[in-house]
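A.B. asks: Residues per chain are reported as follows:
There are 2 protein chains.
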Amino acid sequence: MKNTAELRELFLNYLAQNSFDDEPQGLYAPVNYILDIGGKRMRPVMLLMACQLFDENVEKALPAALAVEIFHNFTLLHDDIMDDAPLRRGKTTVHEKYDTNTAILSGDVMMIHAYQYLAKASPQLLPDLLRIMNQLAIGVCEGQQYDMDFETVETVSIPEYLKMIELKTSVLLAGSMQMGALIGGASAKDAEQVYEFGRNVGIAFQLQDDILDTFGDPEKFGKRVGGDIVQNKKTFLVLKTLELATAEDRQNLHQLLQTAPADEAAKIEQVRTLFKKYKIRQQAGKKMNAYLDTAFHHLDLLEIPEARKVELRNLAHYLINREV
Amino acid sequence: MKNTAELRELFLNYLAQNSFDDEPQGLYAPVNYILDIGGKRMRPVMLLMACQLFDENVEKALPAALAVEIFHNFTLLHDDIMDDAPLRRGKTTVHEKYDTNTAILSGDVMMIHAYQYLAKASPQLLPDLLRIMNQLAIGVCEGQQYDMDFETVETVSIPEYLKMIELKTSVLLAGSMQMGALIGGASAKDAEQVYEFGRNVGIAFQLQDDILDTFGDPEKFGKRVGGDIVQNKKTFLVLKTLELATAEDRQNLHQLLQTAPADEAAKIEQVRTLFKKYKIRQQAGKKMNAYLDTAFHHLDLLEIPEARKVELRNLAHYLINREV
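These protein sequence lines map, in sequence, to chains A and W. Everything in the first sequence is counted per this note's numbering, starting at 1 for the first residue and increasing by one. Everything in the second sequence is counted per this note's numbering, starting at 325 for the first residue and increasing by one.
To be clear, the hints were calculated from the coordinates, so they are not data collected in a lab. Errors might be hidden in some of the hints.
[To be verified] Here are the computed lysine to any residue pairs in the SDA-like style, where the Cα-Cα straight-line distance is at most 20 Å: (1) A:Lys120 with W:Gly463; (2) W:Lys487 with A:Lys234; (3) W:Lys547 with W:Arg413; (4) W:Lys610 with W:Gly540; (5) A:Lys120 with W:Gly350; (6) W:Lys611 with W:Ile482; (7) W:Lys444 with A:Glu23; (8) W:Lys444 with A:Gly139; (9) A:Lys60 with W:Lys444; (10) W:Lys421 with A:Thr152; (11) A:Lys163 with A:Asn134; (12) W:Lys421 with A:Met82; (13) A:Lys97 with A:Asn32; (14) A:Lys120 with W:Asn458; (15) W:Lys384 with A:Lys234; (16) W:Lys444 with A:Met82; (17) A:Lys234 with W:Gly350; (18) W:Lys444 with A:Asn18; (19) A:Lys120 with W:Leu450; (20) W:Lys444 with A:Lys234; (21) W:Lys558 with A:Gly26; (22) W:Lys444 with A:Lys97.
[Claimed, not checked] Computed list of chain A residues with no C-beta within reach of chain W, every gap over 12 Å: (23) Asn3; (24) Asn13; (25) Asn101; (26) His113.
All residues carry an ideal CB built from backbone N, CA and C; glycine is no exception.
One chain only, chain A, in its complex shape:
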């Protein structure tokens, strides 16, 4: 059994061996650039880990792992254009370093290369893997659209928000793990359990991100704390406050989230005070814990030796710190 660090190392070696050194350079240099920026490589590592639940020979899952990593980075390229983001993981975004047309076209070709790596799977598995890949990819696009739609509507319900984050971030993790399980030889039923594990972990992970964006330790968080508030994002914290607050506080929050004040720190503090009044951090933590519990329940249902599950359980605990 390989641990998280070993699986990550294995993936990084495979990634390095498969860099895009093809012509035309104008198309592929940005692909190497975004893939080299890094990140936790959470999706490919968890795909390999899902494979390892059923088969220790995880090398055969490497092409699919690279497929989901390329796909994920394609979405980052296009999302950064849409958000007009200057930085990604502290580095200049592709549309800023090159230009928007390059970011569009290099993104497009990445998506196709993701399918090309997927196509390296055994022919027997290909129909299922392609179905899962299409499903998760469509989910990501639909989630991104809902996210953009939510910016311009007055209210969003909590179920709508949860559906959006499920599509935008969690189906990619879930589908990646389902593919890993199938490559490892899992039955369709077991692969479904793994999918549900990934889906619930993914939602919990996004809820944690909402919490940390507002209440995180600035030294540890990596991004600027309070960014969601400054951008007037309708996160779980906001939506839950709107649900629980008095009419007056609801009005206050609505107003705060329509302004772009000169003093951003004051705005962050005012919104945070409202959150605290309604114990929103605890509410969000409760919700997050519930998704985490559901995830582990699906892991429990897998009829494989507990020793095989330990690494995945530890990784989920490492990625998500239980709240409350």
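Model the placement of chain W on the given structure of chain A, informed by the hints.
C.D. replies: Chain W in isolation, oriented as in the chain A frame:
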């Protein structure tokens, strides 16, 4: 055997039955919009026709036909952003009618839906179809990149230009027909012949487009005659002139193609006069005819009854009028 009009009708019915009425509307309304604008539907019709070479039951090729039509329209969506084009087939382009972010994201989801229609093929065929689809899709992106690269370089050789148009426009037609042939039950070898037919027809078609853009009948051409000259495009006509002309005329042409004069009609006429001096229309026509001959040669090599080939031969002749 169905003729071209019947195959087109069959495809249009299938397209109408498969319109994108899903949520979120913000994502899928632009998809319906671009798919409804129309066009000749050349790629899906020729995919069905390639299927029909081997099997009259062409209905089973409809999902793949829709896949290539969706893929083609995805490339139009993104190309129109990159070219900042206001109109497509006389209608407002998607990024103008909606916005650029919509055109990016709706284009992305179209590409995935293309793969989803492809995935409806029989599992036995899927590995081959996926390989062909990936190959043509990567070709289209690489061709688009070369096309953009050529805008900013001083000189392009004729082989480089031919490689670019092969990638940008002809591998899509060729791959579509190869998939149609395989779905119709063709052997790998016969499907390769069909690919080569499509590849050569596609290049001939693009050369015809270069000729018509400069020498076409304004009433019949559909686009503005002289558009390539106004945009200083390095077409086959330009590159062949640079190859054949005296140093002085080469210099003249270079200068003409670096200017954006107030009097565009005069510029078009001056360039056209240079082309005529070196009989460039005839040169381009000769090249086009050679590709067409090669295409028909590959069709001849197919060991199927001649009666099955007639419709495809007629369509190629209809699409491309032999020059000289």
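A.B. asks: Now tell me if each hint is right for this structure.
C.D. replies: Checked hints:
no.	hint	result
1	A:Lys120 with W:Gly463	19 Å, holds
2	W:Lys487 with A:Lys234	49 Å, violated
3	W:Lys547 with W:Arg413	9 Å, holds
4	W:Lys610 with W:Gly540	17 Å, holds
5	A:Lys120 with W:Gly350	34 Å, violated
6	W:Lys611 with W:Ile482	11 Å, holds
7	W:Lys444 with A:Glu23	32 Å, violated
8	W:Lys444 with A:Gly139	19 Å, holds
9	A:Lys60 with W:Lys444	25 Å, violated
10	W:Lys421 with A:Thr152	18 Å, holds
11	A:Lys163 with A:Asn134	18 Å, holds
12	W:Lys421 with A:Met82	17 Å, holds
13	A:Lys97 with A:Asn32	13 Å, holds
14	A:Lys120 with W:Asn458	12 Å, holds
15	W:Lys384 with A:Lys234	46 Å, violated
16	W:Lys444 with A:Met82	32 Å, violated
17	A:Lys234 with W:Gly350	19 Å, holds
18	W:Lys444 with A:Asn18	30 Å, violated
19	A:Lys120 with W:Leu450	12 Å, holds
20	W:Lys444 with A:Lys234	38 Å, violated
21	W:Lys558 with A:Gly26	19 Å, holds
22	W:Lys444 with A:Lys97	40 Å, violated
23	Asn3	34 Å, holds
24	Asn13	24 Å, holds
25	Asn101	4 Å, violated
26	His113	7 Å, violated
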